[in-house]
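Undergrad: This is what each chain is made of:
Protein chains: 2
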Amino acid sequence: MLTGKNYVGYDLSAESNSIFESINPETEKKNNKFHNATEGEINKAVEKAKNAFLEYSAKTAEERAGFLDTIAEEILGLGEELISTYCQESGYPEGRANGERGRTVGQLKAFATYIRTENWKDSFEDKADPNRSPLPKPGILRTSIPIGPVAVFGASNFPLAFSTAGGDTASALAAGSPVVVKAHPSHPGTGELVASAIINAAKKTGMPEGVFSHLNGNTNEVGTLLVTHPGIKGVGFTGSLKAGRALYDLAAKREEPIPVFAEMGSVNPVVVSSSTLQKRGKEVAHQLAGSFNLGAGQFCTSPGIIFTVGSEGLSEFEKELVGSSSQINAQCMLNKGIKQAFEKGKKTVSCSPYITVLSESNEEEGNRVTGSIVKVSSKNFIENDKLQEEVFGPFTMLVTCDNIKELNKTIDNLKGQLTASLIAEKEEFKDLKTTIQLLQHKAGRIIFNAMPTGVEVSAAMTHGGPYPASTDSRFTSVGIPAIKRWLRPVSFQDFPQELLP
Amino acid sequence: MLTGKNYVGYDLSAESNSIFESINPETEKKNNKFHNATEGEINKAVEKAKNAFLEYSAKTAEERAGFLDTIAEEILGLGEELISTYCQESGYPEGRANGERGRTVGQLKAFATYIRTENWKDSFEDKADPNRSPLPKPGILRTSIPIGPVAVFGASNFPLAFSTAGGDTASALAAGSPVVVKAHPSHPGTGELVASAIINAAKKTGMPEGVFSHLNGNTNEVGTLLVTHPGIKGVGFTGSLKAGRALYDLAAKREEPIPVFAEMGSVNPVVVSSSTLQKRGKEVAHQLAGSFNLGAGQFCTSPGIIFTVGSEGLSEFEKELVGSSSQINAQCMLNKGIKQAFEKGKKTVSCSPYITVLSESNEEEGNRVTGSIVKVSSKNFIENDKLQEEVFGPFTMLVTCDNIKELNKTIDNLKGQLTASLIAEKEEFKDLKTTIQLLQHKAGRIIFNAMPTGVEVSAAMTHGGPYPASTDSRFTSVGIPAIKRWLRPVSFQDFPQELLP
Numbered sequence: 000m001l002t003g004k005n006y007v008g009y010d011l012s013a014e015s016n017s018i019f020e021s022i023n024p025e026t027e028k029k030n031n032k033f034h035n036a037t038e039g040e041i042n043k044a045v046e047k048a049k050n051a052f053l054e055y056s057a058k059t060a061e062e063r064a065g066f067l068d069t070i071a072e073e074i075l076g077l078g079e080e081l082i083s084t085y086c087q088e089s090g091y092p093e094g095r096a097n098g099e100r101g102r103t104v105g106q107l108k109a110f111a112t113y114i115r116t117e118n119w120k121d122s123f124e125d126k127a128d129p130n131r132s133p134l135p136k137p138g139i140l141r142t143s144i145p146i147g148p149v150a151v152f153g154a155s156n157f158p159l160a161f162s163t164a165g166g167d168t169a170s171a172l173a174a175g176s177p178v179v180v181k182a183h184p185s186h187p188g189t190g191e192l193v194a195s196a197i198i199n200a201a202k203k204t205g206m207p208e209g210v211f212s213h214l215n216g217n218t219n220e221v222g223t224l225l226v227t228h229p230g231i232k233g234v235g236f237t238g239s240l241k242a243g244r245a246l247y248d249l250a251a252k253r254e255e256p257i258p259v260f261a262e263m264g265s266v267n268p269v270v271v272s273s274s275t276l277q278k279r280g281k282e283v284a285h286q287l288a289g290s291f292n293l294g295a296g297q298f299c300t301s302p303g304i305i306f307t308v309g310s311e312g313l314s315e316f317e318k319e320l321v322g323s324s325s326q327i328n329a330q331c332m333l334n335k336g337i338k339q340a341f342e343k344g345k346k347t348v349s350c351s352p353y354i355t356v357l358s359e360s361n362e363e364e365g366n367r368v369t370g371s372i373v374k375v376s377s378k379n380f381i382e383n384d385k386l387q388e389e390v391f392g393p394f395t396m397l398v399t400c401d402n403i404k405e406l407n408k409t410i411d412n413l414k415g416q417l418t419a420s421l422i423a424e425k426e427e428f429k430d431l432k433t434t435i436q437l438l439q440h441k442a443g444r445i446i447f448n449a450m451p452t453g454v455e456v457s458a459a460m461t462h463g464g465p466y467p468a469s470t471d472s473r474f475t476s477v478g479i480p481a482i483k484r485w486l487r488p489v490s491f492q493d494f495p496q497e498l499l500p
Numbered sequence: 000m001l002t003g004k005n006y007v008g009y010d011l012s013a014e015s016n017s018i019f020e021s022i023n024p025e026t027e028k029k030n031n032k033f034h035n036a037t038e039g040e041i042n043k044a045v046e047k048a049k050n051a052f053l054e055y056s057a058k059t060a061e062e063r064a065g066f067l068d069t070i071a072e073e074i075l076g077l078g079e080e081l082i083s084t085y086c087q088e089s090g091y092p093e094g095r096a097n098g099e100r101g102r103t104v105g106q107l108k109a110f111a112t113y114i115r116t117e118n119w120k121d122s123f124e125d126k127a128d129p130n131r132s133p134l135p136k137p138g139i140l141r142t143s144i145p146i147g148p149v150a151v152f153g154a155s156n157f158p159l160a161f162s163t164a165g166g167d168t169a170s171a172l173a174a175g176s177p178v179v180v181k182a183h184p185s186h187p188g189t190g191e192l193v194a195s196a197i198i199n200a201a202k203k204t205g206m207p208e209g210v211f212s213h214l215n216g217n218t219n220e221v222g223t224l225l226v227t228h229p230g231i232k233g234v235g236f237t238g239s240l241k242a243g244r245a246l247y248d249l250a251a252k253r254e255e256p257i258p259v260f261a262e263m264g265s266v267n268p269v270v271v272s273s274s275t276l277q278k279r280g281k282e283v284a285h286q287l288a289g290s291f292n293l294g295a296g297q298f299c300t301s302p303g304i305i306f307t308v309g310s311e312g313l314s315e316f317e318k319e320l321v322g323s324s325s326q327i328n329a330q331c332m333l334n335k336g337i338k339q340a341f342e343k344g345k346k347t348v349s350c351s352p353y354i355t356v357l358s359e360s361n362e363e364e365g366n367r368v369t370g371s372i373v374k375v376s377s378k379n380f381i382e383n384d385k386l387q388e389e390v391f392g393p394f395t396m397l398v399t400c401d402n403i404k405e406l407n408k409t410i411d412n413l414k415g416q417l418t419a420s421l422i423a424e425k426e427e428f429k430d431l432k433t434t435i436q437l438l439q440h441k442a443g444r445i446i447f448n449a450m451p452t453g454v455e456v457s458a459a460m461t462h463g464g465p466y467p468a469s470t471d472s473r474f475t476s477v478g479i480p481a482i483k484r485w486l487r488p489v490s491f492q493d494f495p496q497e498l499l500p
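Chain order of the listed sequences is A and B. For what it's worth, numbering that gives the first Met the number 0 labels the leading residue of the first sequence as 0, then goes sequentially. For what it's worth, numbering that gives the first Met the number 0 labels the leading residue of the second sequence as 0, then goes sequentially.
Read the hints as simulated data drawn from the structure, not as lab findings. Be aware that a few hints might be false.
All copies of an identical chain are treated as equivalent in the list; a pair is satisfied when it fits inside any one copy or across any two copies.
[What the hints assert, rightly or not] Restricting the straight-line Cα-Cα distance to at most 25 Å, the calculated cross-link-like pairs of lysine-lysine (DSS-like) are:
{"#": "1", "residue 1": "K252", "residue 2": "K345"}
{"#": "2", "residue 1": "K346", "residue 2": "K318"}
{"#": "3", "residue 1": "K318", "residue 2": "K345"}
{"#": "4", "residue 1": "K32", "residue 2": "K335"}
{"#": "5", "residue 1": "K483", "residue 2": "K120"}
{"#": "6", "residue 1": "K241", "residue 2": "K252"}
{"#": "7", "residue 1": "K43", "residue 2": "K335"}
{"#": "8", "residue 1": "K58", "residue 2": "K404"}
{"#": "9", "residue 1": "K202", "residue 2": "K374"}
{"#": "10", "residue 1": "K404", "residue 2": "K429"}
{"#": "11", "residue 1": "K28", "residue 2": "K335"}
Pulled out of the complex, with its shape left as it was, chain A reads as follows (with noise of 0.2 Å):
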């Protein structure tokens, strides 16, 4: 059933024969072939979202809704073949895909019901006061509109729920824009399966063409060439940062700059207290070896550096995070440039002169890896940034402080988060004010007693955080408010009623 193609609106198209190979990250082997999207296709089908765009922003919310609970049926519907594809590229577990396509059901549906149900274009009316002294007051409805054609980037940590049909776009889908993906060159197969439920879906619900398209690439090219294009008004990502930034620098750089809301690095620290530490830090580290370890540590909130506080407990503490971390199975990786980052960055940072390693991860066979931790004090830890770089995968540091202050000082100079944890007791509450407060001004998520790993697609969910967390702390691409970052407003001025989108 794969073609290997490119989705140009409804045409399946290869016009290169500049082709690359999937691999299963377990096996080595090679999956399928697949075509790099061409300038000509890129363009056309850039082309094709923008003549899509009038007559789909104009749509009801409820045709709208129609098509994604369409695209979601037709998701469920490619059956084995998309779990089977997915796990061959991505090395996951079936239980993991078949947890990840419920949840790319479940988003898919969700936006379908807030565009049916809620006020979501914010819409907010100034009645006119004609008698108004000195001037007559206008009559003012505000409401929102989608901002344009929006190319969204698949994420190599989720092949589905961050991917062709993800959050990005599942909601510039419902908020009125046309999407161009660029599927990650990790998983297409299951980029391709997806696109193709999407349009039959869009067929079927008389959608226009190139309101949807998919794109092959495997260098950096399809991307560059899909930011910098005119017709396009907006970027989604989730992926490192050394990619999101790039292409929020070709975005800013634009004669018309346009918004990237990139997720990007973040080592969600986790702050142990003191008494945590006394009365149930062998509790706390074993979760937490299962928290950095959970997915391989591929999740993006991922507990990367653990805060303790004070030293009685703490031996205990790190023993048992150590052993429990021991016992947990080696695991597949996304990719073999994902494995061999991760072996880069974890040695650079162990060979520090300041880092004791508590737990290297054994030599595995082919991408496999198991957990490693290391450990610092704060006073080093504060004294070379590099040490706060995220390593993706299974790897998280110690950063030990004497006391309230000494953490304080250390969070102080934190970047920007993701999340950021605190398991504290509470007798501890009055001295932790301050901790809260700038735990804050770091992250868009502040957890209360439990692990960072596990994001909630809920109205409340914030992901997203100060940068390098994100390009835009001011959004989240979890959740229905992730629908807010296609979306302006704008302003109707003494319009009569009829006139009214």
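Got chain A sorted already, so can you dock chain B onto it with the hints?
TA: Chain B in isolation, oriented as in the chain A frame:
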């Protein structure tokens, strides 16, 4: 009473011997001397803002509202000196000075009322469900926090309402962000007086030192150092495309990019339909002459382009537009540089081979100008992108379209605008559906049967629009929602009530 010094927090400071003078644009006489801020003073001001941030952002809304109300009182307390300084520095008449003071005070009080009474943090709670399967659902409260110290640039054309204590400053202080103002060198005395009012209010209401600073500068250096300082987390600006883009580029190149809200160039197209031309062309032409000449054309929303449809009534419309404009007395522009740029811009357009000059403004003395009107066919307008560039001042361009199809093509080719106006009759509504759809994707505000000048300070207002009208069309710089520019969401997961902010 004027010192010519900078306010670095509470301190009046004049480290530099580099001095500039404010000029009365009416008489071209020198008013007062002002000290450029040094790099040391800029750094000190930002450091003080950073140090004030935690304390200021933790003040209650009631405390911050009291601060804003007191600023308003202190500004009124400046009395006649403020009005005369304003007039001497701007060349605007006293009536305008009084009106703008009223608006400035009104804005401060409106933000105070808003944060006292409304859900300005956009808080939303998603309650926990410990019994949910397979995983318990966490409780999440999303609220909003200020982004940190903000740099505000005073605007030449609104010495009060968009300068030292203007909309940008008022909204940032309301949000909980300290403000460092770069005063506009055209009206530094007005700025210093207002700054003294803010400092007095901060002292009276117990705000931390550093919540406000005020820096002078008649070169780009002060602004460049401010925007690139790591302690600044956002920028507010109103002015030219060139200056706004320069600030945007500086901010985008930082290690940590920050948002820049620059309200820049807009020609505010007005569509005059064929029925309007036939039925009431004279009346509309008279209104347009008043609108594009208002305040010597120095309004962001001055109508710089008038689209006419059809030929019937067109020559009477032109005649009335020229005639009404010629009856308006010469007006003084804000400074010599603005007058020179107006003359240059007008000349560049008039020299285009496709342009017919309908009404050339007379050579006037000093910085005085009269209105200027040119004409071009829509075909030639589309082919010459340069004709879309704003000529700041009393200038407008008639763009003649043969029919609605041609009008729509011309609108589709337009760049982003603050406003777009439609002057039309009821019998044309059906034919204008596409026109309205196209207009809404080009502007932040669409106006029916009224002139674009005059921006209501309303909760429903959008003053901003697609680039180059502003750098971020998702936000407004006028009206209560302007506060959103300085806030970001943060989600508290599973937090005990007593630890919430």
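Undergrad: Determine for every hint whether it applies to the structure shown.
TA: Here's how the hints hold up against the structure:
For the homomeric pair K252 and K345, neither the shortest alpha-carbon distance inside one copy (34 Å) nor that between copies (29 Å) is at most 25 Å. Proximity of K346 and K318 under a CA criterion of 25 Å is satisfied intra-copy only: 22 Å inside one chain copy versus 79 Å between copies. In this homomeric assembly, K318 and K345 come within 25 Å of each other (Cα to Cα) only inside a single copy, at 20 Å, whereas the closest approach across copies is 77 Å. Taking the shortest alpha-carbon separations for K32 and K335, only the intra-copy value of 18 Å comes in at or below 25 Å, while the best inter-copy value is 66 Å.
Taking the closest pair of Cα atoms, K483 and K120 come within 25 Å of each other both inside a single copy (9 Å) and across two copies (16 Å). Taking the shortest Cα distances, K241 and K252 sit within 25 Å of each other both inside one copy (17 Å) and across copies (14 Å). Taking CA atoms no more than 25 Å apart as the test, K43 paired with K335 passes in neither setting, with 33 Å inside one copy and 49 Å between copies. When the C-alpha separation of K58 and K404 is checked against a cutoff of 25 Å, the pair qualifies only between copies, where the shortest distance is 22 Å, while the shortest distance within a copy is 56 Å.
In this assembly of identical chains, the alpha carbons of K202 and K374 never lie at most 25 Å apart, being 56 Å within a copy and 46 Å across copies at closest. In the homo-oligomer, the alpha carbons of K404 and K429 lie at most 25 Å apart inside one protomer (14 Å), although the nearest pairing across protomers, at 69 Å, exceeds that limit. In this homomeric assembly, K28 and K335 come within 25 Å of each other (Cα to Cα) only inside a single copy, at 12 Å, whereas the closest approach across copies is 72 Å.
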